[in-house]
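Using the sequences and the hints, build the whole thing.
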Amino acid sequence: MVLKNILVHLDDTPRSPLRYDLALQLAQRQQACLTAFYSTASPYFSQGAEMPQRKAAHADYAEKAAQSGVKFIWAEADEAEAIMPLTSRIIYQSTYADLCIIGQPGKQPPPPRDLPERLILASGHPVITIPFAGHFKSLGSRVMIAWRAGRASARALADAMPFMLQADEVILISFCANDEERKKNERSLQKIEHHLSLHGIKAKLENRLISNISLGDALLNRAAEEGIDLLVCGGMVASQLGPLAYHLLQQMTVPVLMSS
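Oh and the sequence shown: position 212 is 709 in the numbering used here, straight run, nothing missing.
Source of the hints: derived by calculation from the structure; they are not laboratory data.
Beta-carbon label-pair distances, calculated as ranges:
| # | residue 1 | residue 2 | range |
| --- | --- | --- | --- |
| 1 | SER635 | PRO740 | 23 to 33 Å |
| 2 | GLU573 | ARG679 | 46 to 56 Å |
| 3 | ARG648 | GLN528 | 24 to 34 Å |
| 4 | SER711 | ALA553 | 41 to 51 Å |
| 5 | PRO549 | ILE580 | 23 to 33 Å |
| 6 | GLY647 | LYS701 | 14 to 24 Å |
| 7 | ASP557 | ASP676 | 48 to 58 Å |
| 8 | LYS681 | PRO582 | 36 to 46 Å |
| 9 | SER635 | LYS604 | 21 to 31 Å |
| 10 | PRO549 | LEU702 | 51 to 61 Å |
Ideal Cβ positions, reconstructed from N, Cα and C, are used throughout, including at glycine.
Structural data, given as structure tokens:
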């Protein structure tokens, strides 16, 4: 997969500039076009009052992109979006991108609290969610893949390929509850390590036993210990968000890429 069109959702929250800076950095690295969609929770027909703020944001973000040598598009809402709620507007825009970058909903709206999970399930493309707390200087220089043999992990790993190809370090991590599971995981990790090596990616393998801690917390702890700036996880299980994915979306401390 090659990233040539990256969509970033911008709004009037304090975290929006950080989200944009990470998206701009990624677009520059991938030589991709950066498409910005500025939208708040206000109804479409009442957004006229936001126009001065919207124009100022447009000018500021366009100037930053020009200074970085990145092709920039300011996506304007069209008639099809006139009666759509915010989440539907973002899903609609994401249909035309290779990757979507959004923010984790904070304690205060906007965006809608279910935006990440709905976008992951409906967009058809990988989604990176940036935590509502913490500062991140980079996105994808140190990548950790949460691996469990199956469709969800395979899809996420494939979508993370552009990041792994340029990463300084890639860690494949798998957790298990007993020795039998550990042996199965070991074989699977070795197979996926070989697969990545064919793409020129050298990955570090971790196969860990866990107890008295949830899978999600164990994963976030290791991500923090390793200074990970992109955690990759399969999102969908049986047509809905899996328990690990849901936990990460609620408790994330690093940017997370998920696919459906």
